[in-house]
Amino acid sequence: MEYLQLAANGHWLLWLVPFTMALTGSGLGAGMPRRLLTLLALAGLLLPFCQSILAVLFFLLGPAAAQVPQLKMTAFSLDGRFALAFALDAKGAWAMLLCLTVALAAMVHALASVARLAGRHRYLALILTFVASAGFLFTAQSPMPLLIGWEGLALCGAFLAGFWEPEAGGGRTGMRWLIFQRASGVLLVVGFLSRQWGETWTAAFVLAALAVRAGQLPFHGWIPGSTRAPASTTNLVHGVGSLLAATYLMDQFWPLIASAPYLAEIAGFVGAAGVSFGILAGFQQHRSQTVLGWLFMVQGGLIWMAFAVGDPVAARLLASSGVLVLGGMMLAMGDFSVSPAALGRSASGLGKFFSQRGLLVLGAAMALPPSLNFLALGRLCGSAPESTLGWLIRALTGVALFGFGWMFQRMEADAREIATSVHQIESRWPRWAALSLGGLAVTAGLGVLLAHELTPAVYGGSAGLFWASLSSGLAVLGWLLGRALSKSRPHRLTGRLTASQRTMDRVASTGLGLGEMVVQFPLISLRLLGVVIWRGLGDFIIDTLVLGTAVRSIEGIGTALRYLQNGRIQRYTLMTVLATLLLIKWMQG
Amino acid sequence: MAVVTLTEILLLALPITPLVGAFLVSFFPAGACRRIRALGWTFAIATLAIWVALKFSLFSGQGMLVSVEWPWVQSLGISLHFALDETGLMMAGLVTLISAAAVVGTLPILPELNRSHVLFLLLAEAGMLGVVTAWDLMLFVAFWEVTLIPFFFLMGRGPSLGGVNAATRFIVISVASSVLMWVGVLLVVQAAGLPRTFDLIELSRRLSQNQAAIPSAMWLFVPAFLVRMAAFPLHTWFPVACANVPNAASVLLAGGVLPLGGFGLIHILGRLCGPQLGGMNEWLVWVGVGTALGGGIASMVQRDLKRLLANVCLSQMGIALIGLSYSLGTDLSAGAMMLFASGIAGATLFLFAGVVCRARGSQRVAEISGLWHSHPFFAGLAFTAVASAAAIPGTAGFVGVMLVLDGTANHQVITLLSAGAVLLTGASVVWAYRRILGGSHHPAVWGGPSWPRKRQAVILAILAVFILVCGLWPGLMMGVRS
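Residue numbers (my numbering), protein chains in the order written: chain X, 159 to 747; chain U, -15 to 466.
Take every hint as true, because none was put in to throw you off.
Sample of chain U residues facing chain X (criterion: CB under 7 Å; computed from the structure): (1) 284; (2) 376; (3) 377; (4) 458; (5) 460.
Straight line, CA to CA, 20 Å or less: simulated SDA-like cross-link-like pairs of lysine to any residue: (6) U/39 with X/234; (7) U/39 with X/236; (8) X/230 with U/460; (9) U/39 with U/51; (10) X/230 with U/459; (11) U/39 with X/233; (12) X/230 with U/453; (13) X/249 with X/221; (14) U/438 with X/185; (15) U/438 with X/186; (16) X/249 with X/215.
No lab work stands behind these hints, which were simulated from the structure alone.
Cβ atoms here follow ideal geometry from the backbone N, Cα and C, with glycine treated the same way.
Using the sequences and the accompanying hints, generate a full structural model.
Okay, here's the thing in structure tokens:
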């Protein structure tokens, strides 16, 4: 127990080790041998990974009110307003372990994918910085490190997403994620500052910030674009940066949100809308990574509904399975997006192993017992009240799993086509990395069941078991139905879509138009306003009309004065007076 | 004879050192580029070292930290009163830092202009430090006006006629607003009664007994400060200037001139009026909101990197103005910290942009790409300034924005509008940075293989460290140990 406590007490190593390795790798990585760089990158994750396992064990096996000493830096922090305080609790340890597990898989995938590319050391350093930011967020005990972690995840995600983008991409990949997450960060800051307005305001701003980060309606416009990044990035951005980070913070702030009037219900209905929307949008996709992007949104919606019915444990289980299984699928389906010429060989696809057997393990980990997701769905349906929201939750759970089954079948077919059309990744490690994530979700589910000696409360009682089993059945039904239909109508890749399919694809990619509207309407309005301010108000009204007129008036006065000095005006005046006198004289005479 | 302490000597040395440097530089032949540059570096860095020494010796002090006064024109009540308080010390740090950055990190447009380049930079630094340290109203106004001269010559030497136009516009608007300020000075001194004095402390004491005379005269000061801050609607000179003037001038404009406009508000209005500004606060807040939002929105439609950065600086000045307006006469730390943060971030961004645009031969964002592959370290250093401008936590900009928003928290609309401006500005600057960072690198289209020079990277690194240190330990710069 002393060793476990020691691991928990050294929580600051969870972000310090990856950060130090990131700095070292970024600074010295260019001249490093490949093996040494690999060792460095893996060490930056493996050491905190082992530490976080020990920390989780400490909170599981240790005393109920176990606490770890806080690391607090208050010097020069303006009366503690900008203090850096860190500590670890059970929720933080859980989130950190999940993050490091997924990051390890992503790192293994990245090491195999980018091993021969110039600039790989910086890409790996960015992954390590991403993990360090997550460490900041999950161990934060004051607003400052929390905000640093929150923004750090967003920035690292954006830079990772666009890292290998060729110039033809125009720097678009990850840009929407970045701009949306900037909004999320500002909303969070305003939330912290709005304490004086009342707790409802704070809760509302925090909830809005979390909705943006989790990609829930109507802030889902970043989802399709960010799925075009490399697999190791999308896995981290959608899994850790979005789903896990938002769930962790929602968990921390839920007492505040739940105490505010209507916000818990709003969160529930937003989640329900997210599930419906994600399924509808995912159905129309013809690209596996984008389907997975929408499935992350669906999982996020289920998590929000779990919070709304007052079951944060179900939310944590859903987050865990989403991060592990959907993250694993992201890695498995990942097609490295660097151009083949830059890669020096063909872009990698999936091996036969995945297309035929490995992917099935991941699919089963999402839908079948005793996976974490199965337990979570049971808990969610079991704790749903006998109200409109409760029945909506039960219905949507079934719909979500049915949709998942169908979409999973299509992804599987897609993987088969890719596997036969392009070469495989040379190393076999990435496949195992992705597969192990699915395996972990099943093992963890089994572990939770056994640890609680199969107590019904773990899976939501008999009602929960019934609804979860029904959902699993619907998932299998969706998979079978999709398979049957695909035999009569072969799967088509994006390049061979008909006009109507392309239209539907576009509509779905933009979140049935709503996501695009949320992005484009303010953007176009602000740009128009910007042109009006810059060209109209600044250049024309202020510069040309006001300043120009003032300058011309002064010039006019100056010209008049010059003429006066030259004597022209006097002569003109004399001539005018004389002419007038002559005219009067002539008229009189 | 009164004994002059070391801190008082350092205080006097602050504006005098760059002045001596400029004087010595003027004796060198124009062709002695190396010697001129070495002399310029020496004096700029020496001034920075003097400020560091002052900072260490005056750390954690409250109120007036150091003051030196000699009579000058006794019949008119004008004295040579130099002093520093917490805000002045912070602004002096900003001026010495960005001046050193400009002298060491920038180059003249043509090599034969080296002498005048260094000369005017040192003169501009001396003028700005004079503004910061002057506690006599006449002395303040004199330094305020004198600063225009080196700036006029620095700005007018751009690669195109645009620089001359921008310099002319800046001078015309500044002089017009200064005329009003002169009238204001005379009215304030007259309202203070006899014996006549221009000393700020004495004026403040006397005017506190005659508040009725203050507000109308104070309005005459406002345009001069708002022009220098480039606040709406007196902002149009700034984007034009930044896009057309040489790099050294744009660094000093963004890092020195704009924050000094805000400092003028603190120094004159804050001290003379105290908390009773007769409705001026509300008016200034809305000017600040307009500037912040206008700059943020206008930055979204810019495709010229320097214009975009100029609008980002405008937006930050708007936020600073909001903070200043709420804190005038009370706690000035929020506005002052925002001024410092925006100054240092603005100067760093323009230094970076100047180097990159010169090497690329273009200022269009779309035509600059691939820095991530070619100059990752240099681009990484610039990221701290981008993060500060976008108010990312852990940077000086975040501290400034947080303090300002915290001060406005009683006014929901102002807080939300300010937060909106921060969001727009951040999105614009991060978009531009991400754009020039990514993409392919084409060595053929860049100016030369040796850019950026090592000293430019070192300067950027020092500025980046300042931004991070102020962001993580803000009390260090603000003199609060807590």
